[in-house]
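S.K.: Assemble the whole structure, with the sequences as input and the hints as a guide.
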Amino acid sequence: MTPPAEDTEDTAVVAARPRPRRAVSFRDAGPTAALLVIFVGFAAWSSQFRSIDNVQNIMDAAAVLAVVTCGITFVLMMGSIDLSAAGVMGASALAVALLVENNRNGNDLGLLGIALAVLLGAALGAVSGLALVLLKVPSFMTTLGVSAIGLGLATLMFGGVQPNISDKMLESWATERILGFTYLTWIAAGCVLVGWLIQRYTRLGRYAFAIGGAEEVLALSGVKVAPYKVAVFTFAGAFYGLGGVMVTSQLGAGLVQAGEGYDFSAITAAVVGGTLLTGGRGGVLHSAIGVLLIMVLTNGLVQVGVSPYWQGGVQGLIVVAAVAAAVIPQRRRNQVVK
Amino acid sequence: MTRISRPLAAVFGLSLAATALTACSEGSSTASGDAGSCDPGDVKLVGQVRNESNPYEASWLDGGDAFAESVDLKQERLTYDGDSTKQQEQIRQLLAGDTECLVMNVLPNGDSDTTPIVKGADQAGAYLVTQWNKPADLKPTDYDRWISHITYNGIESGQQIGDALFQAIGGSGGIIALQGVLDTAAAKDRFAGLEAALAENPEVTLLDQQAANFSRAEALDVTKTLLTKHGDSIKGIWAANDDMALGALEALKQAGMKGEVAVVGIDAVPDALTAIEDGTMTATVSSDGAWQGGIGLAIGYCVATGELDMADVSDEDRAFYAEQFLITDENVGDFLTPKTDPSEFECDKVFDRVAGPLS
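Protein sequences appear in the order of chains A and B. In this text, residue positions in the first sequence follow numbering that gives the first Met the number 0: the first is 0, and each later residue adds one. In this text, residue positions in the second sequence follow numbering that gives the first Met the number 0: the first is 0, and each later residue adds one.
I should point out that these hints are in silico values taken from the structure, not numbers from a laboratory. Careful, some of the hints might be misleading.
[Unchecked claim] A partial selection of chain A residues facing chain B, derived with a Cβ cut-off under 8 Å:
| hint | residue |
| --- | --- |
| 1 | 161 |
| 2 | 173 |
| 3 | 221 |
C-beta atoms are modelled at their ideal positions from N, C-alpha and C, and glycine is treated no differently.
M.R.: See below:
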């Protein structure tokens with residue numbers, strides 16, 4: 000059986016270039032450098048910013064976005080796009096809030112409830128992937144649709160009364176600390192590590208890269224691409240599901256809007272970190288840097304006292320400047336807008 | 000192939016567009032029949048809000064159902080997911096049907112969305128009550144079937160909770176403010192109310208103000224950041240809505256400062272009421288969503304059936320600030336379950352909650 004060659008979306012077929020074996024090459028150091036410069040800049044400016052408390056704060060605030068970005072990175076590496084995060088997170092947030100101990104029903108499933116919510120996220124991700132490969136709907140549309148489905152499910156589960164969680168374990172994720180960081184931050188760090196290991200050492204991760212770089216070549220060499228695409232979307236969905244669970248832990252309640260804005264902030268973070276929208280480049284570690292960069296910026300602007308009326312604009316300006324500075328060493332990165 | 004020169008094409012295109020536009024505006028009002036000729040059983044009630052995924056708008060539609068039930072009708076519940084295009088589409092579909100006895104109680108998505116809704120309804124002869132959003136220069140008195148516009152004085156509510164907050168912290172100390180979406184009237188007015196309260200209480204200092212966009216999650220992060228920035232000098236947190244107040248409460252809990260800082264919000268969402276009841280939150284303001292959902296339909300129903308004559312409705316009642324209620328631990332018990340009082344929807348009482356004309 001020949002693999003379907005027609006479901007290539009971005010056939011930006013580039014000649015295979017020798018890629019350094021190291022995970023983070025010198026060329027990818029741009030975002031990291033930008034992160035350091037911005038961090039040192041704020042630290043020099045504000046003594047509050049460089050306090051231990053505030054650094055903990057930044058890490059805690061970055062946790063959810065890091066997990067979501069980790070998931071979206073795999074999709075972006077493939078050259079697809081994923082806008083389903085908001086809906087998937089809303090659905091899993093409501094699901095977990097109704098499955099663990101809460102004020103709406105008698106459920107008290109604990110960890111099992113959390114696992115089920117993550118599974119729900121994975122299932123929604125799988126729907127995106129299947130619609131992409133079976134129905135040949137572009138990922139932009141399928142994931143937008145799945146986001147709407149997720150929000151619809153969440154609204155049904157919401158049913159007019161907000162479920163507040165009273166599950167001790169889930170609540171402790173946001174409040175208990177190990178070595179100064181909340182459990183949520185450690186979970187996020189774990190996710191980044193797992194994501195990186197998968198990206199680097201499993202077939203799934205490598206093929207995701209290869210699909211983004213040159214899907215046709217991969218297909219011609221006898222690899223069935225479709226199952227890997229579905230797997231990547233499922234995997235990303237699981238990460239969004241976990242993100243929804245984490246938001247629920249932070250807020251102490253299941254909100255339909257739990258994932259609001261995360262779809263685009265995650266894509267922004269990934270791109271700022273050096274993951275290309277055309278696929279084939281970047282990775283989980285890049286994205287993690289991107290997340291930190293955004294979070295340091297958001298926090299720093301408040302700490303140094305930039306007026307809220309200016310913050311949005313200033314933040315946008317710095318992000319654009321940081322990305323521009325980071326891509327100067329590599330003209331190729333501009334290919335998205337060429 | 001013939002080619003027309005570009006300027007000529009432009010002129011041609013423009014004149015075509017102009018013709019099309021004139022054709023549109025020539026359509027005269029199709030309003031048939033006089034106001035007030037509907038049989039009560041023929042009235043069709045429609046309530047339209049953004050979505051049912053928040054307690055406030057869910058209670059709005061429930062209030063509409065409660066009114067509809069009291070007159071043996073059913074309310075059609077419409078939601079448009081905060082999407083202006085979708086709202087207009089739903090309105091167009093409604094107005095394309097039988098509009099003679101149609102009563103609509105609408106929450107327009109934004110100020111500019113009100114204009115086409117009003118014009119469409121007026122032309123189709125449907126009875127319309129709008130709430131919260133309208134452009135300042137668009138006035139119900141200029142239309143026959145746009146009966147009333149109801150909104151709330153955000154300056155007043157911002158000041159009310161500000162005063163309650165200052166009282167809770169003993170009249171002096173530092174506070175922080177969490178603003179809503181900065182370019183909305185609600186955010187601006189409520190913050191202006193806080194500033195007014197601050198002007199009267201020079202002992203209270205506003206340490207910092209940040210936008211958290213009416214969002215619980217953003218308020219959580221912003222409050223955590225501000226807690227590290229200002230530490231113990233924060234005695235109180237003023238939030239422009241309850242969602243942000245609840246996010247701030249969560250941040251205090253995570254920082255181990257639960258109960259040490261007074262928090263106020265606006266909207267009276269159920270979780271905020273519970274928080275006021277158990278003492279973690281100080282005050283909120285209720286616009287009474289269930290009443291809003293019922294009253295718009297009630298006003299329309301009364302006019303449609305002729306029980307209320309448009310001639311008797313004063314200009315002040317056609318665009319007004321409705322009464323709102325400050326909720327503290329003293330009266331929270333009365334508000335814990337949203338309920339409507341059918342007597343408030345009687346035709347001679349529908350304007351009882353007018354607190355003042357819209358300036």
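S.K.: Now, for every hint given, state plainly whether the structure supports it.
M.R.: Evaluated hints:
no.: 1; hint: 161; result: holds, 6 Å
no.: 2; hint: 173; result: holds, 6 Å
no.: 3; hint: 221; result: violated, 45 Å
Against the hints set out earlier in the document, a violation occurs for number 3 only.
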